Amino acid sequence: MDMLIQLVTAFTGSLGFALLFHVRKEKLLLASLGGLLAWGVYLLMGLATDQEVVRYFAASVVLTVYAEFLARAVKCPATLFLVTASIPLIPGGSLYRTMECFMTSDLEAFSAQALTTVLLAVAIAVGMLFPTAIFQLVRRARIKKAPEMPGQERSPLS
Amino acid sequence: MEDHPYHFFSPDELDQLERIEEAGRANEYLYRILDIGQYMLQCGGEVSRVEDSIRRLCLSFGAERADVFTITSSIVVTIYARRFGAVTQTRRITGSAYDLYRLEQLNQLSRRICAEHWSLEQTEEALEAIRSARQYGFGVQLFTYALVSSSFALFFGGSLLDAAASGVIGVVLKFLDRAIRRTEANAFLSSLLCACLGGLLAGLAVKLRLGDDAGMISIGNIMLLIPGVALTNSLRDMFSGNTISGLMRFIESILLALTIAFGFALAAGLL
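Residue numbers (this note's numbering), protein chains in the order written: chain A, 1 to 158; chain B, 1001 to 1271.
Be aware that a few hints might be false.
The list that follows gives simulated cross-link-like pairs (lysine to any residue, SDA-like), each with its CA atoms no further than 20 Å apart [claimed, not checked]:
(1) Lys-25/A with Ile-1130/B
(2) Lys-27/A with Val-1140/B
(3) Lys-75/A with Ile-1130/B
(4) Lys-25/A with Gly-1024/B
(5) Lys-144/A with Arg-1056/B
(6) Lys-25/A with Val-1140/B
Here are some of the chain B residues that sit facing chain A, going by a computed Cβ distance under 10 Å [as the list claims (entries may be wrong)]:
(7) Phe-1155
(8) Val-1229
(9) Thr-1232
Since the hints were derived computationally from the structure, they do not count as laboratory data.
If you're wondering where the values come from, they're calculated on a predicted model, not measured in any experiment.
C-beta atoms are modelled at their ideal positions from N, C-alpha and C, and glycine is treated no differently.
The shape of chain A in the complex, shown without the other chains:
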C-alpha cells in the first residue's frame, strides 16, 4: 500500500514540477510517467539490494535511457524529461534534514546526513552520465557517415 501511494505521488509530484517548469501538454504525461518509472525502478531494486546508492544509481540510469529515447522520438532536448522525471529521486528531503541537523548543531547527525545527501546526488548524476555518453557516441558515429557541413558556402557572412 505504501509503495502504491509512493508510485502515485511520484507521478503527481513529477507532473507538478513539469507544470512548474512550463512543460507543454503533449509532453506532460511522458514527463510524469518518467517520474513513476524512476521510482518504480528504485522500489524494484529494493528486492535485489538494500544499498541506497545502488538503487538510486540504477533508477537514474533507466530514467536517462528513457529520457534519451523520448528526446529522439518527440524531437526535444533530453533535459526536459531528465529534470522533471528525476524529481522523486532528487535528495531534497535529505538535503533539508542535513541543514536541519546543522541548525541544531548536531554535528554527528549532520556529517552522516551530509554524506548521504552528497552520495545520493553523486549516484544520480553519475547514473545520468553513462547513458548520455553512449547516446552521444552513437550520434557522432552517425554524423561521421554524413557529408561534412553542407551549405557552408551559403552562409550569410561570406
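Assemble chain B onto chain A, guided by the hints.
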C-alpha cells in the same frame, strides 16, 4: 585599377575597409547569437548545450573558428575568420528559472538557423515569438504548488489530512512568493520568508487539529523550495567538465538549503 569605382583608395586600403565592414556585420550576428545563448541559459539549458549551440551557430554564420566559454553567470565568445579578423563579445547572465518549453523552442530555433542560414531579421522575429509565447497562468501555478506539496507530503508518509494542509499552505506560499517577486528582493530572502511562513502555518495547522504531523506537512512545502534539482545538476556539471559552473551552483544550492532550514528553525522558535 582604372575602372574601379573607388579609385582614390589603394587596394590595401580597400581591403581594410572591407574587413571593417565585415567585422561590423560579424558583430551584429554575434550579438544575436549571444541573445539565443543567454536565453537558453536563463531557461535552464546546461552549460555544455549552450556552448555547443553558440559554437555551431557561429560556424554556420561563416566564422572559421569559434571559442566559447560559458559559466552560469557569463558567456564569452571570440570568433575568427580571415575576412573580418577576430571579433569578441561577452554577456553577463543574471537570473535563471527552468522554462523547459522555451528551452525546447530555442534548441529547435538554433538547429533551424544552422541548417537554413537565416538572416538577422528572421532570427530576431523568431526570438521575439519565443519570448512572447504564453505561459501557464497564475491559476495553474497555484494548482501546481498545491499538487506538489500534497504529493510529497503523502510520498514521505504523511496522512491525507497532512497532504491537504500542505496543499493549502503551498497555495499561500505561492501568493507570498509572487508578492516578494514583485519587489525584486534577494532570492535568499524570498526563500527565508517562504520557509518561515511555511513552518508557522504547519505548526498552526497541527495546533488547530487540521493536520497530524507538522514535519510531514512541511516536507511537501520544502520540496517546492529546496534546490534538489540544482544540487544534482551541479554535480552533473562538474562531472561533465564544467567545474566552475558546477561549483557555483553547488555553493548556491547549499546556501539556499541552509536559508530554508534557518527559516523553518525560526518558525519553530516563534511557535
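Each hint tested on the structure:
no., hint, verdict
1, Lys-25/A with Ile-1130/B, "17 Å, holds"
2, Lys-27/A with Val-1140/B, "16 Å, holds"
3, Lys-75/A with Ile-1130/B, "17 Å, holds"
4, Lys-25/A with Gly-1024/B, "43 Å, violated"
5, Lys-144/A with Arg-1056/B, "16 Å, holds"
6, Lys-25/A with Val-1140/B, "12 Å, holds"
7, Phe-1155, "4 Å, holds"
8, Val-1229, "6 Å, holds"
9, Thr-1232, "5 Å, holds"
Consistency note: the structure conflicts with earlier hint 4 alone.
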